[in-house]
Amino acid sequence: MCGTCGCGASQQEAVDAGNQQVLHLHQSLLAKNDRYAEQNRALFRHLLAINLLSSPGAGKTTLVQRLLGDRDLIAATSPLSQHQGPVKAGVIVGDLATDRDAERLRQTGAPVVQITTGTLCHLEADMVARAAQALTLADLNLLIIENVGNLVCPAAYDLGEDLRLVLMSVTEGEDKPLKYPTMFKSAHAVIISKIDLAEVVGFKRAEALHYLHLIAPQALVFELSATTGEGLASFYAYLEQAIFQCHRKVSSVQAS
Amino acid sequence: MHEVSLMQAALAIALDHAKAQGTHKIHALELHVGMQSGVVPEALAFAFDIVSAGTAAQGAELRLETIPTRCYCPHCQHDFQPADWVYECPTCHGISTDVRQGQDLELASLEVS
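Order-wise, the sequence lines are chains P and C.
Take the numbering used here: the last position of the first sequence gets the number 256, and nothing is skipped along the way.
Take the numbering used here: the last position of the second sequence gets the number 113, and nothing is skipped along the way.
Keep in mind the hints are simulated off the structure, nothing from the lab.
In this text, all values refer to a predicted model and were calculated from it rather than measured experimentally.
C-beta: ideal position from N, C-alpha, C; glycine also.
Please note: incorrect hints may appear among the correct ones.
[Claimed, not checked] If you want a taste of the chain C side facing chain P, the calculated C-beta under 10 Å gives, among others:
id, residue
1, Thr23
2, Gly38
3, Pro41
4, Ile50
5, Val51
6, Leu64
7, Thr91
8, Gly94
9, Asp104
10, Glu106
11, Glu111
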């Protein structure tokens with residue numbers, strides 16, 4: 001048996017069928033991407049790498065912009081600051097066209113690399129690897145990879161991140177997790193953004209949380225507004241903790 | 001439409017193996033598409049016609065086998081096949097996060113000559 005599907009053939013065995021041969025391969029279509037993702041993971045091991053995902057217009061760039069602006073505040077009172085000082089963030093941002101998001105983010109003074117994908121609807125690990133060469137990774141403890149706005153295709157591509165954060169804004173409705181289950185099932189945390197607009201758009205919070213529980217029970221949920229700052233404190237505390245864990249992991253490897 | 005990228009990857013693997021076996025024609029490709037892979041089989045089939053044109057796989061039969069999702073319930077300690085995207089255990093009604101099958105996307109086999 002081939003051991004994978006029980007099809008009766010050994011792996012790679014060629015079975016003659018007339019002059020035709022059957023080759024049993026069982027090779028992942030994502031194998032090449034996954035190899036690059038593992039290489040990225042090794043490069044990123046000393047920092048927290050985040051893959052930030054959402055539909056277009058959910059507020060990814062606004063959140064990153066706010067976070068970069070607040071980076072001196074983050075970790076001011078956490079164990080992180082005692083060991084590593086403040087957050088030192090770099091950003092890789094993917095869009096189909098233009099470097100408008102990168103321009104917005106560069107105003108914060110953080111290093112930002114734009115990937116323009118052309119027609120490709122998602123980032124792949126080798127694109128991130130190339131973009132990361134333009135950053136001095138050793139100087140960073142946080143790398144935010146802002147993916148192309150799309151709740152379908154990017155779900156399949158591991159970029160070598162530690163955490164996958166999926167945003168859904170209150171203006172998009174409560175049922176996003178039901179419509180895009182693959183993406184939400186892959187999330188470590190879900191951020192409900194633009195909560196300052198919740199009342200105006202009649203956002204049904206309990207319904208949204210119920211759908212998230214059904215589809216993505218593994219995900220932590222943060223509710224915040226990058227405009228008013230509401231809810232940011234607990235999100236920042238989560239990031240600090242995650243950055244600290246990456247730092248501690250590398251320190252313990254170096255010590256041993 | 002990342003199905004085009006995925007089909008290009010499948011074709012590249014297929015052409016490599018066909019060549020390594022010293023064969024010149026691919027007659028059929030069998031792909032296993034997990035229910036939770038996020039891929040639309042129809043879009044894969046559409047992409048195949050485009051990316052295979054002019055290659056040794058042009059005109060080959062594309063067989064797409066859908067692999068159902070299977071989850072594990074840690075409470076009841078058994079596998080189950082969820083009815084939909086809510087991975088609810090039929091016995092205890094807890095929601096599983098432990099997916100054992102249905103995420104894969106692979107080129108299972110090739111027929112070449």
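Consistency of the hints with the structure:
1. Thr23: 7 Å, holds
2. Gly38: Holds: closest Cβ of chain P sits about 4 Å from glycine 38 of chain C, inside 10 Å.
3. Pro41: 13 Å, violated
4. Ile50: 13 Å, violated
5. Val51: 12 Å, violated
6. Leu64: Leucine 64 of chain C check fails; min Cβ-Cβ to chain P is 12 Å, beyond 10 Å.
7. Thr91: 17 Å, violated
8. Gly94: Result: holds, 9 Å to nearest chain P Cβ.
9. Asp104: Nearest chain P Cβ about 7 Å off; hint holds.
10. Glu106: 5 Å, holds
11. Glu111: Holds, because the Cβ-Cβ distance from glutamate 111 of chain C to chain P comes to roughly 5 Å (cut-off 10 Å).
In this structure, the hints that do not hold are numbers 3, 4, 5, 6 and 7, in rising order.
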